[in-house]
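2 protein chains.
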Amino acid sequence: METSSPERIITYVEQFIKLSEQDKNAVTEKFKPIKVKKRQFIVQPGFVARNRYFVIRGALKGYVIGDDGQEHTIQLALEDWWISDYNSYIFQQPATMFVMALEDCTLLQIKYEDEQFLKNSSHRLETFFRIIAERAAAFMQRRIIINLTQSAEERYDSFMQRYPLMLQRIPQYAIASYLGMTTEFLSKIRNKKVKRKR
Amino acid sequence: METSSPERIITYVEQFIKLSEQDKNAVTEKFKPIKVKKRQFIVQPGFVARNRYFVIRGALKGYVIGDDGQEHTIQLALEDWWISDYNSYIFQQPATMFVMALEDCTLLQIKYEDEQFLKNSSHRLETFFRIIAERAAAFMQRRIIINLTQSAEERYDSFMQRYPLMLQRIPQYAIASYLGMTTEFLSKIRNKKVKRKR
DNA sequence: CGCGACGTTGATTTGCCTCAACGATTGTGG
DNA sequence: CCACAATCGTTGAGGCAAATCAACGTCGCG
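Protein sequence lines correspond, in order, to chains A and B.
All letters in the first sequence, in the order written, are residues 37 to 234 by the working numbering.
All letters in the second sequence, in the order written, are residues 37 to 234 by the working numbering.
Worth double-checking, as some hints may not be accurate.
When chains are identical, the list treats them as one kind, so a pair holds in a single copy or across two.
Cut-off 27 Å, straight-line C-alpha distance, at most; resulting in silico cross-link-like pairs (DSSO-like, lysine-lysine) [stated by the list, open to error]:
1. Lys60 x Lys71
2. Lys68 x Lys231
3. Lys71 x Lys147
4. Lys74 x Lys155
Derived from the structure by calculation, the hints contain no laboratory data.
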């Protein structure tokens with residue numbers, strides 16, 4: 037049996053702030069463990085993303101379908117990452133993204149209203165959510181910079197270096213799409229690297 | 037004489053949360069008005085961005101210089117926008133960005149430590165900074181989606197629609213770079229539009 | 001008035017995409 | 001437990017959107 041899920045999020049939160057016993061209880065109460073099976077959707081376009089998810093175990097992707105019908109990966113998530121349609125969740129407006137499990141997953145789910153409650157009832161928890169929002173923004177800004185400044189091969193290199201675990205568990209086509217290139221082109225990049233090493 | 041700067045930020049903050057008199061005083065005290073002249077830098081690579089800036093009047097751009105020596109616009113700001121090197125400011129690490137005034141500007145400047153103080157001393161102000169961080173993250177995610185899914189011309193169209201004011205005040209080359217294309221290509225897009233209209 | 005900053009236009013090149021065909025692996029129902 | 005389909009990755013030929021390079025026009029300002 038894996039470490040119990042609520043324990044995991046307490047540990048996670050305590051990386052950033054100190055929690056009173058009361059805070060811990062509130063957090064444990066509001067985050068509900070759920071299981072989702074591979075290929076199952078937890079967010080779909082047109083519906084408001086009422087929940088935010090913290091990954092205890094498993095892998096997921098968030099993607100949009102462009103006008104051309106192409107799939108574009110916006111987010112990837114493994115253990116200890118958050119996932120949802122960020123825009124939809126924050127503003128409680130209809131989603132544009134799909135979020136789908138790439139493996140069988142155990143997640144902790146929190147409802148929008150419950151998150152508001154936690155933030156209102158505890159300054160410390162408000163601080164926690166502020167910190168993760170800041171980190172999300174910083175993360176996305178780095179991604180924007182990479183996308184604007186680097187070639188396809190450089191983007192793949194950065195990704196490999198920073199997220200070696202993802203390479204093992206996320207299908208190539210999802211990574212290619214996350215990096216803003218086609219599966220075919222990523223395949224050619226990898227092939228070129230192999231040849232270069234000999 | 038323009039509306040006094042501190043008043044402006046109080047109005048801005050009150051769009052999102054209610055402020056006690058004490059909060060108002062604290063905010064007014066910590067945000068310092070400064071003037072910067074066109075072409076002046078307020079953030080430079082290698083130095084920690086110790087401040088975050090709220091634009092009272094003027095226009096600024098944040099950009100990085102890629103390995104190829106090319107300039108890439110990461111952020112643009114007009115009245116009521118925030119600007120800094122987000123990563124550098126949040127983590128208090130050396131910046132990778134330049135932030136430069138495109139016009140003579142009046143800004144409100146807040147020091148990192150003072151912002152921490154405001155957040156610690158008032159739950160309401162903590163909430164405010166949480167909200168703007170969430171909005172920053174949502175904004176950047178939308179930009180990532182646009183960059184991944186749209187062609188150069190579509191990106192320019194979205195930009196025109198959403199930020200018509202920017203077109204008047206930001207030089208074309210900075211907009212082109214913000215949208216991830218060259219000045220020359222943007223010029224050709226605009227030219228094509230003009231022709232199409234006749 | 002002259003110089004630097006900004007924008008335009010055309011010719012050429014290129015990084016990446018599209019399309020198509022084909023293995024390898026996985027999973028699934030009979 | 002096998003057959004067959006679906007999923008995933010690879011490879012190659014050809015095409016296109018956007019970059020690069022180069023030259024030139026214009027405007028504002030020191």
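Indicate which option fits the pair Lys60, Lys71 if close means a Cα-Cα distance not exceeding 27 Å: within, between, both or neither.
For Lys60 and Lys71, only the intra-copy Cα distance (22 Å) is at most 27 Å; the inter-copy one is 46 Å.
Reference check for the pair Lys68 and Lys231, CA-CA at most 27 Å: within, between, both, or neither?
neither (48 Å within a copy, 58 Å between copies)
At most 27 Å between CA atoms: does that hold for Lys74 and Lys155 within a copy, between copies, both, or neither?
neither (32 Å within a copy, 41 Å between copies)
Taking 27 Å as the upper bound on the Cα-Cα distance, should Lys71 and Lys147 be classified as within, between, both, or neither?
within (16 Å within a copy, 44 Å between copies)
Hints 2 and 4 from the list above are not met by this structure, while the remaining hints are.
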